[in-house]
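Enquirer: With the hints as constraints, model all of the structure from the sequences given.
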Amino acid sequence: MTPPEATAEGKVSRTAAPRPAVSLVQMTKRSQFLAAAKARRQATKGFILQARKRPEGDAPDEIRIGFTCSKKVGNAVARNRAKRRLREIARAILPEMGRPGWDYVLIGRATETAQRPFETLQGDLKYALKKVHA
1 MTPPEATAEG KVSRTAAPRP AVSLVQMTKR SQFLAAAKAR RQATKGFILQ ARKRPEGDAP
61 DEIRIGFTCS KKVGNAVARN RAKRRLREIA RAILPEMGRP GWDYVLIGRA TETAQRPFET
121 LQGDLKYALK KVHA
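Residue 1 is where the sequence shown starts when you use full-length UniProt numbering, and the numbers rise one by one after that.
Don't read these hints as lab results, they were simulated from the structure. Note that the structure is predicted; figures quoted are calculated from it, not measured. A portion of the hints provided could be inaccurate.
[As the list claims (entries may be wrong)] Simulated crosslink set (DSS-like; lysine-lysine; CA at most 30 Å straight-line):
| id | residue 1 | residue 2 |
| --- | --- | --- |
| 1 | K131 | K83 |
| 2 | K71 | K45 |
| 3 | K130 | K53 |
| 4 | K130 | K38 |
| 5 | K53 | K131 |
| 6 | K38 | K131 |
| 7 | K71 | K29 |
| 8 | K71 | K130 |
[Claimed, not checked] Label pairs and their computed distance ranges (CB to CB):
| id | residue 1 | residue 2 | range |
| --- | --- | --- | --- |
| 9 | G57 | F118 | 34 to 40 Å |
| 10 | V77 | E56 | 38 to 44 Å |
| 11 | P95 | K71 | 26 to 32 Å |
| 12 | A134 | R30 | 17 to 23 Å |
| 13 | N75 | P95 | 29 to 35 Å |
By construction, the Cβ of each residue, glycine as well, lies at the ideal position given by its N, Cα and C atoms.
Expert: Rendered as structure tokens:
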């Protein structure tokens, strides 16, 4: 990585690099979840990732993402906590490592999703994305 360069006035810009111009859109329709369930999947210790490439012409410049946790994860409080953690790792990782024109579904696992360290969950998502796109 190169250091920031000075402007004409001699000041150095310390702003962060711009994020990729990819929008994350949350999946809401059952048919979208069912289509993703028939596609590729990769299990990790913290969650299961399902991924599918959408047909040409179906919003090619956005990444659709869905989250689900069954009652095996726990009561409503535990399920919502697990989904919040999944949403946050997706928000952090998918704009850089996800592919536009793809649908991703993250499925929470009982006990693991809510209790696993956050950095480890991020590593799990990076690993799963590499395997799915290989």
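Enquirer: State for each hint whether it applies.
Expert: Do the hints match the structure? See the list:
no. : hint                    : verdict
1   : K131 to K83             : holds, 22 Å
2   : K71 to K45              : holds, 18 Å
3   : K130 to K53             : holds, 15 Å
4   : K130 to K38             : holds, 19 Å
5   : K53 to K131             : holds, 14 Å
6   : K38 to K131             : holds, 17 Å
7   : K71 to K29              : holds, 20 Å
8   : K71 to K130             : holds, 29 Å
9   : G57 to F118: 34 to 40 Å : holds, 37 Å
10  : V77 to E56: 38 to 44 Å  : holds, 42 Å
11  : P95 to K71: 26 to 32 Å  : holds, 31 Å
12  : A134 to R30: 17 to 23 Å : violated, 29 Å
13  : N75 to P95: 29 to 35 Å  : holds, 32 Å
In terms of the numbered hints stated before, the structure departs from hint 12 and from no other.
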